[in-house]
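Trainee: Next come the chains, spelled out residue by residue.
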Amino acid sequence: MLKAGQTLDIIAAPDASFRGDDKQISVDYKNLTKA
Amino acid sequence: MSHGLTWCSRGSKVVKPGSLIKIGDGLIVCKVEHIKEDRVTVTVTNTAEIGNSKGDHYIRCIGIHVLMYRGATSGVNLPGSRVDLPSLTSRDEQDIRFGTAHSSGRCAHQFRVLIDCLQLAAVKHGLDFIAASFTRKAEDIRAIRDVLGPEGKEIRIIAKIESTNLMNSLFCSYAAVIRILLSSAGQEGLDNFDSILAEADGIMVARGDLGVEIPIQRVCMVR
Numbered sequence: 001m002l003k004a005g006q007t008l009d010i011i012a013a014p015d016a017s018f019r020g021d022d023k024q025i026s027v028d029y030k031n032l033t034k035a
Numbered sequence: 001m002s003h004g005l006t007w008c009s010r011g012s013k014v015v016k017p018g019s020l021i022k023i024g025d026g027l028i029v030c031k032v033e034h035i036k037e038d039r040v041t042v043t044v045t046n047t048a049e050i051g052n053s054k055g056d057h058y059i060r061c062i063g064i065h066v067l068m069y070r071g072a073t074s075g076v077n078l079p080g081s082r083v084d085l086p087s088l089t090s091r092d093e094q095d096i097r098f099g100t101a102h103s104s105g106r107c108a109h110q111f112r113v114l115i116d117c118l119q120l121a122a123v124k125h126g127l128d129f130i131a132a133s134f135t136r137k138a139e140d141i142r143a144i145r146d147v148l149g150p151e152g153k154e155i156r157i158i159a160k161i162e163s164t165n166l167m168n169s170l171f172c173s174y175a176a177v178i179r180i181l182l183s184s185a186g187q188e189g190l191d192n193f194d195s196i197l198a199e200a201d202g203i204m205v206a207r208g209d210l211g212v213e214i215p216i217q218r219v220c221m222v223r
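Quick note, the sequences are listed as chains A and B, same order.
Following the working numbering, the numbering of the first sequence begins with 1 at its first residue and continues without gaps.
Following the working numbering, the numbering of the second sequence begins with 1 at its first residue and continues without gaps.
Note that these hints are calculated values from the structure, not bench results.
Glycine residues also receive a C-beta, built at the ideal position from the N, C-alpha and C atoms.
Worth double-checking, as some hints may not be accurate.
Stretch by stretch, here's where chain A covers chain B in the computed footprint (C-beta under 8 Å, at least three residues) [what the hints assert, rightly or not]:
1. 5 to 12
2. 27 to 34
3. 40 to 51
4. 72 to 83
Distance windows between CB atoms, simulated [claimed, not checked]:
5. B/I203 x A/A4: 33 to 41 Å
6. A/D9 x B/R207: 26 to 34 Å
7. A/A4 x B/D201: 17 to 25 Å
8. B/R142 x A/K3: 19 to 27 Å
This is chain A alone, in the form it adopts within the complex (with noise of 0.2 Å):
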């Protein structure tokens, strides 16, 4: 769950989220919940 005023970090890595074929940047979330 998300809260509105929580902070949240967006990390780059290298094998996250995109593709060759995509023409819009994605944010993978499967690892949302490992506080």
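Got chain A sorted already, so can you dock chain B onto it with the hints?
Mentor: Relative to the frame of chain A, chain B by itself:
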């Protein structure tokens, strides 16, 4: 330790403090606070749930429940940030030249993906139009024409306008009509729109992504 999302390094390079990052078709809106190397710290501006139910990832916000068709990822819109991504990808080129029905599953979820399928079958099945998603400059249209080649010369190309930069340029082009909206318009975008208009066979105001990039009430003005 704080929660964290990951994305490609391109994202970290184009945003600035104060930039907005919209996740999942705008369901989650974040504001960039600061950037340190490849770590972007944002403040979440609205409450939303990201979850996993029976293997399906979803975002739930203000009563809207959206399944993420790519698994645990969702698209990002970066209003006002210039993203240097190709409009014609290697996959598009492959689809245009050697289209088969093998990837018809890509049609199942989103209109944008359906457009990709039209590209896929363009030459082989003699379609009339290609709707070029995320067109950012005239070169994107010319690149599609190059791929189509002589055998695809009758196929018309429609440039989809779905980015903030092109939206701003559109306002510039019709400045006499909607001059009041010119305050945020950029000359570079104007040049892009005019050249795209000259190169393409038509323009489509793609309200989906555009409606995420700009306030929804401005979309009708763009149209």
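Trainee: Evaluate each hint against the coordinates.
Mentor: Results of checking the hints against the structure:
{"no.": "1", "hint": "5 to 12", "verdict": "holds (count 8)"}
{"no.": "2", "hint": "27 to 34", "verdict": "holds (count 3)"}
{"no.": "3", "hint": "40 to 51", "verdict": "holds (count 11)"}
{"no.": "4", "hint": "72 to 83", "verdict": "holds (count 8)"}
{"no.": "5", "hint": "B/I203 x A/A4: 33 to 41 Å", "verdict": "holds, 37 Å"}
{"no.": "6", "hint": "A/D9 x B/R207: 26 to 34 Å", "verdict": "holds, 32 Å"}
{"no.": "7", "hint": "A/A4 x B/D201: 17 to 25 Å", "verdict": "violated, 44 Å"}
{"no.": "8", "hint": "B/R142 x A/K3: 19 to 27 Å", "verdict": "violated, 47 Å"}
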